[in-house]
Structures are given as structure tokens and as C-alpha cells.
Amino acid sequence: MVIDDSRAMRMILKRIVAKLNFEAVEAGDGQEALDLLATMTEVPELALIDWNMPNMNGLEFVTKVRAEPRLREMTLVMVTTESEQSQIVRALAAGAHEYVIKPFTEGAMIEKLALLGLVPTGANS
Amino acid sequence: MSEPVVTERDLAEMAEQVWVSYLDPEGVNPLVPHGDVKQLSEVHSTVSITGSWHGHLVYASSQNAARRAAAAFLAMEPDEVAQEDISDVLGELANIVGGNVKAMLPAGCFLSLPTVVLAPDTASYYPAAERISGLYGIWDGEPVSISMWQSVKQEASA
Amino acid sequence: MTLSAADFAFVSALVRREAAIVLAPGKEYLVEARLIPVARQVGAASVAEFLANMQRRPNSEDQRRIIDALTTNETSWFRDREPFSALTDVVLPELVRSRGTNRKLRLWSAASSSGQEAYSLAITLQENLPTGWSYEIMGSDISTEMVKRAEAAEYSQVEVNRGLPATQLVQYFERAGAHWRITPALRRNVSFKLMNLTAPLPALPPFDVIFLRNVLIYFDVATKKSVLRNVARLLRPDGWLFLGAAETTIGIDDNYERVAAGRTSAYRVRSAVPAGTARKG
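Protein chains in written order, with the numbering used here: chain H, -3 to 121; chain G, 109 to 266; chain U, 7 to 287.
Don't take every hint at face value.
Straight-line C-alpha distance at most 20 Å; calculated DMTMM-like pairs for lysine to aspartate or glutamate [as the list claims (entries may be wrong)]:
id	chain 1	residue 1	chain 2	residue 2
1	H	Lys10	G	Glu185
2	U	Lys231	U	Asp13
3	U	Lys33	G	Glu150
4	H	Lys10	G	Asp132
5	U	Lys33	H	Glu80
No lab work stands behind these hints, which were simulated from the structure alone.
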């Protein structure tokens, strides 16, 4: 699942995860993502989450997902321009598994997902 | 005058990172600075910073450069790019540089969502602010700039 | 102007052979764009002239320039991951058993470039050595500029994104303007030296582990031999040498033996490997 208010950023992220054989659904903010998750029978394996979005920001989304047992297995990765040390600490404390700062190269994103065991061996060469 | 909180060098480094990440991943077509603050722009996007520091980060370019940026970002051909794509990509470029700039400012700043204007960036858009630094250059033969504006009131009270 | 098919084939073969980099057809423009500054630097009128000169007189300096220009200069933290896992899972437990008396390890990141590998080693040891143990890491590079950069220990946003877990970013780095800087606590254990691996090496206390990765790719066979011989003198008899994934000592220096180390391979000086623990590669 790709959650970002920028359609351009959603496209970049979808393109990258498609290379790792993920099929992605999109949401433009945290609330839209929660609404979408409520309708899905199968919980996505991974969510890439922007921080600054209208309606519900990424940090609130992470907090809400962590409080929801049904969504426990989802791997949460913040993908954001928020790059202060204190913000990264806040996101990790709220339950994000990884944190990617924008701008990121495709290689950097794949390396981060590899850290989370989400890249099949050999796909990262 | 003391050195601004964010210098031209800082902006140049951020631009380089944005280029290598999205606009020129193969490193064959960088933004080349020339320092001419008078260069023309046709479109621009802004993110505002509030909190312990007040001001704006502005990304401006020609229409052609904006179209090429959108094409590079979205992996499309330039002639397939719609106006909506251009707006979205311009907004994201200001957002990315703005977020990195914010991390250099005093703690406790907030970043607005980007505003995109398909018209030249002129000082008239920021009547209560002055430019403290800027990166002006040519990308693929087209003008691109990234500039930092600080609210004048805050500077007086600082 | 684009590269001729023959020039492209020459460069493709060179980087494939030496650095295991595969340039797909259609990347002529990329090779051209990357080699223009190189040609200018060596005073050739064009990329074609630079390549013609080099094909007439092959030399390792130009070879290095070409490989440098076509490899991404960005270095990842914990690059390739496997050697660092091998360190944690295989090498450190063994060294902890065998160095129980002085409880101190020395590691060398040879050709340390901007320092990511040396600091990645420091983070690995920081997190995996038992309490009461200490370590020293030396990085070395042939470039004064790189030694200075590594000592400064400052990295851009894009650089800290590469392969570095966020938990380690917040633990071992601090913000420094637009950059991130390694904390003093980690920097204290890491030093850098200017060093040319192809010249006789300075006398130094020997190392328990040497990372010499993606270095041999730059050299011809004779130079590879002399680098491996030089390095062997600074490796403790029961120490471990790690090479890059595209590199080996096999067929170059028989004093080393390839051994399995986790999911990758390492090299040990032959006589020192106790019988039965080594697996021939």
C-alpha cells in the first residue's frame, strides 16, 4: 500500500515495489488508507507512508495501525521529507519499522526493503 | 551581513540529491548553476515554513523544464505529460527540498503542503519576505531555480 | 556524438571483466557522458581519442579511471550485507574465543573511500562484542581528499538512506546542518590513513580482519598479486580477509585459501587454517 498525497510520488513508489513483485493499492492520506484497509479482506504486507498529508498525517496513521490487531502484520515504512532526528525517533517509537528520507534513489529504497526481508534474493543486483 | 541559515551551497547540494534521485538518476544531465537571479521563470511552487522560523522555499522553472521534470519523475515521454502531472511534480519538488531545508532550521518548524502556481515567480508573491539565498541554473538548456525567502517581520524581531 | 560500437564493446568488456558491471546495449550515451570528463582530464580531444590511446597502450591508471567513472560513487552502509553477517555470525564468535586474553580486535577497511565501510564495521563491533572488549578500526585510502572526508564523518541525506537501518541512523549519527555526522563515541574507535596498497606498506600491528573489497578490480594480475602479498603481511595468521563479490585470490595468490563464512566466502592464510574447518572454494 502506497500512501502519499502526491500522485507523482505514489507512481515512483509503485514502480519500485512492482519491481519486487508487489501489487500496490494507493491512498492519498491516512484516513483514506484506513478506510481502504477496512474494506480489504487481505491485509497488505507493506505500507509506504508519507508524513505530511491532509486529513490524517502519516504519524497518526502509524499509531492507528499499531493499535489495530487485524493490521499487526503490516510492515510500516515512513517515506517522507521530515528529516529531523527527533521526527525519526517519534516515528519509530510510534511503531514504524523503517524510515526513508526523501529524496531517495531507487537503489536506496530497495536496500531499505531488503533490510526488512521484503526483497527476494537476487532481485537487488 | 551574516551567512543565511541556508546557503546557496546547501541548496545546491539538495538539488544535486533531488536530481540524482529523480530527475537524472544516471548522472548525465545535472543542474548547472550560473547565479543569474534575473533568469526567467514561467511556473513555480512554494512550501511555507512556520513556527520558530517563518518563510518560504520556492522552486521555479520554465514550462519546458517543468514538463521534463514531470516526465523524468513519472517515467513518461514529455509529450504525454498532462498539466496535472506538472503541478503535482512541481509541488513534490518544493516539498522535498523544503523538508530538507526545515531540518536545518531551529527545532519546532512546520512545513505547509505545497502551492503550485503556473505563472512566473516574482517578489510580488512574497510581499512580506526577502530572499536570503538562491540557486539559479540551467538544466537541459532550461532555467531552474530554488530560492529561500525569510519573512521580514521575523528578521526584524530576531 | 555517440560512441562507436567497437569502443562501446571495449568499455563493456573491460568493466564486465574487472568489476562485474554489465552495460546493456543502448547505454552508449551513458558511457559517453561519463567518459567526457575523464577524456578532458587526461587531455584527450574526445572520448574516442582517449579510448584509442588506451587500447594502444593499456595501463591500470586509465583502467581505474574508466571503472571509477562507470561505477556509482555512492557507497552503501553494510554494503552487500553478507560480509557483515559473516562477521557477526562466524568471525566474531571465533575471535572472541581465541582472543580471550587481550580482548581487543583490530580491523582494517582497505580503500575505505568516504568511510562508510569503516564506520559500518564500527557499528557491527559496537553491537556485537561482549562487554569488556575493545576494538580499533583503521581505514586507508590512496586519496587525501577521501581520507579527509572519512575523518570528517559527515554524510548527506542521500548517503544515509543507503542500507542504513533507521534505528542505527538515530543511534550513531547526529544532525550537522544539512548533513549527518557520526557520533564522537563511534568516531573514537576509527582512524584513517593515507596509503597506497600497491607500494610497500608501512609497518603496522597486524589485523584480525581485513576488508579489501572492490579494490582488486582496479588492478592487473601482477598488481593484484603484489597487493595480496602486501596485505598478507598485515593479516594475523588466523585472521580473515574479505574480498568483493566479483573478486578472488584463486589463480592469483595460492597462499590464501577460500573458506565458507556464513552465506559468503572469506580468505585465510593457508597454513593457519586448522584441518577440517576449511572448505575449498
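Now the hints, each set against the structure:
1. Lys10(H) <-> Glu185(G): The hint holds at about 18 Å.
2. Lys231(U) <-> Asp13(U): It is violated: about 29 Å lies between the C-alpha atoms, which goes past 20 Å.
3. Lys33(U) <-> Glu150(G): Not OK: Lys33(U) and Glu150(G) at ~33 Å, beyond 20 Å, violated.
4. Lys10(H) <-> Asp132(G): Distance ~19 Å between Lys10(H) and Asp132(G) Cα, so the pair holds.
5. Lys33(U) <-> Glu80(H): violated (38 Å)
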